Amino acid sequence: MIRVTLNIILLFLASSLIPLGSFILPAYKIKRMPKLNSRDRLLANLISGGVIYFIDDKLFFVYVGFFLLLEGIYYLFERTSIKTFDRILISTTITTAVGYLLMRTFIGTPDDLITIMEGMYREYLSLDQTMITTMMGYIKRHLLFIMFTYLLVINYFTYFILKGKEYRKWDISYLWVLVYIVTFFIDKTLKIDNFYVKNLYSISTLIYVIYGVKVLYSMFRKKIKWRVYGKILAIVTACFFPIGIFILGVMNSFGIIKIKNRRK
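In case it helps, this note's numbering puts the sequence shown at residues 1 to 264.
Note that these hints are calculated values from the structure, not bench results. From a predicted model like this one, the values you see are computed outputs, not experimental measurements. Heads up, a few of these hints could be off.
[As the list claims (entries may be wrong)] Label-pair restraints from in silico Cβ distances: (1) Thr133 - Thr80: 41 to 49 Å; (2) Asn37 - Asp57: 25 to 33 Å; (3) Ile146 - Glu166: 25 to 33 Å; (4) Pro34 - Val236: 35 to 43 Å; (5) Pro34 - Thr133: 44 to 52 Å; (6) Thr80 - Asp128: 48 to 56 Å; (7) Leu233 - Lys191: 35 to 43 Å; (8) Gly65 - Gly119: 22 to 30 Å; (9) Met120 - Thr149: 16 to 24 Å; (10) Asp112 - Ser38: 21 to 29 Å; (11) Gly72 - Leu206: 41 to 49 Å; (12) Leu17 - Gly65: 13 to 21 Å; (13) Ile116 - Leu175: 31 to 39 Å; (14) Ile132 - Gly108: 16 to 24 Å.
[What the hints assert, rightly or not] Cut-off 16 Å, straight-line C-alpha distance, at most; resulting in silico cross-link-like pairs (EDC-like, lysine to aspartate or glutamate): (15) Lys140 - Asp112; (16) Lys163 - Glu71; (17) Lys163 - Asp111; (18) Lys169 - Asp86; (19) Lys31 - Glu71; (20) Lys83 - Glu166; (21) Lys140 - Asp111; (22) Lys31 - Glu78; (23) Lys140 - Asp171; (24) Lys83 - Asp171; (25) Lys163 - Glu78; (26) Lys198 - Asp187; (27) Lys140 - Asp86.
Here a beta-carbon is modelled for each residue, glycine too, at the ideal position from N, C-alpha and C.
I would like the entire structure built from these sequences, with the hints used as guidance.
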């Protein structure tokens with residue numbers, strides 16, 4: 001139990017330094033915690049949470065509001081028949097909402113965040129002011145999309161580590177396309193300039209592009225034995241033809257395209 005607790009603390013601190021590696025902590029906890037009895041699991045969480053709170057109370061809220069939340073959602077989904085991609089997307093949506101609320105609580109409005117980030121870029125990076133202004137403008141307009149993308153990567157790789165052997169069987173509900181249709185209509189047809197609508201439109205597009213990459217990879221795997229080559233080829237194709245990959249993902253979610261998973 002002591003070793004697991006120490007590893008939780010170290011992995012959390014490492015994730016603070018290397019954010020894109022944050023998926024290692026929930027994957028580790030979900031794999032290791034069930035091997036402990038109820039008392040040891042409780043103690044491991046209490047001690048690790050207490051140490052993190054002692055280090056920094058804001059980090060403690062990140063630990064609870066993201067890592068413990070992600071872990072709890074994972075266990076909750078294990079009792080359901082919800083499709084894997086839907087689990088990833090729902091978990092990402094919830095953690096993004098919580099992350100946004102934490103930002104509003106401890107930092108302030110998106111404008112306050114941009115002000116802090118702009119000051120950090122000026123102090124630590126030798127960048128042209130025009131470039132900084134352009135970057136900050138993009139972040140301000142697409143803040144929710146950026147947060148969702150980052151957390152989607154974390155959730156995606158958490159599930160990939162835990163359920164990677166079933167990767168080609170991962171599916172998604174067609175209902176996500178409703179978010180795309182509604183936001184597309186409001187943004188592109190009604191021309192309503194709304195921060196949340198624009199971000200949701202970008203998020204719903206991203207969802208089906210990523211799912212389309214998975215579908216294309218499954219198609220390539222029927223012909224290509226080398227997995228890495230198949231994945232790289234699917235990603236490169238998505239970079240050059242994102243609209244086509246988006247349509248492929250949507251069509252597969254409706255069951256228009258059927259892919260037989262013969263190879264393990």
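Consistency of the hints with the structure:
| no. | hint | result |
| --- | --- | --- |
| 1 | Thr133 - Thr80: 41 to 49 Å | 46 Å, holds |
| 2 | Asn37 - Asp57: 25 to 33 Å | 30 Å, holds |
| 3 | Ile146 - Glu166: 25 to 33 Å | 29 Å, holds |
| 4 | Pro34 - Val236: 35 to 43 Å | 38 Å, holds |
| 5 | Pro34 - Thr133: 44 to 52 Å | 49 Å, holds |
| 6 | Thr80 - Asp128: 48 to 56 Å | 50 Å, holds |
| 7 | Leu233 - Lys191: 35 to 43 Å | 38 Å, holds |
| 8 | Gly65 - Gly119: 22 to 30 Å | 25 Å, holds |
| 9 | Met120 - Thr149: 16 to 24 Å | 20 Å, holds |
| 10 | Asp112 - Ser38: 21 to 29 Å | 42 Å, violated |
| 11 | Gly72 - Leu206: 41 to 49 Å | 25 Å, violated |
| 12 | Leu17 - Gly65: 13 to 21 Å | 19 Å, holds |
| 13 | Ile116 - Leu175: 31 to 39 Å | 37 Å, holds |
| 14 | Ile132 - Gly108: 16 to 24 Å | 20 Å, holds |
| 15 | Lys140 - Asp112 | 10 Å, holds |
| 16 | Lys163 - Glu71 | 14 Å, holds |
| 17 | Lys163 - Asp111 | 39 Å, violated |
| 18 | Lys169 - Asp86 | 13 Å, holds |
| 19 | Lys31 - Glu71 | 11 Å, holds |
| 20 | Lys83 - Glu166 | 12 Å, holds |
| 21 | Lys140 - Asp111 | 7 Å, holds |
| 22 | Lys31 - Glu78 | 13 Å, holds |
| 23 | Lys140 - Asp171 | 32 Å, violated |
| 24 | Lys83 - Asp171 | 6 Å, holds |
| 25 | Lys163 - Glu78 | 12 Å, holds |
| 26 | Lys198 - Asp187 | 7 Å, holds |
| 27 | Lys140 - Asp86 | 28 Å, violated |
Against the hints set out earlier in the document, violations occur for numbers 10, 11, 17, 23 and 27.
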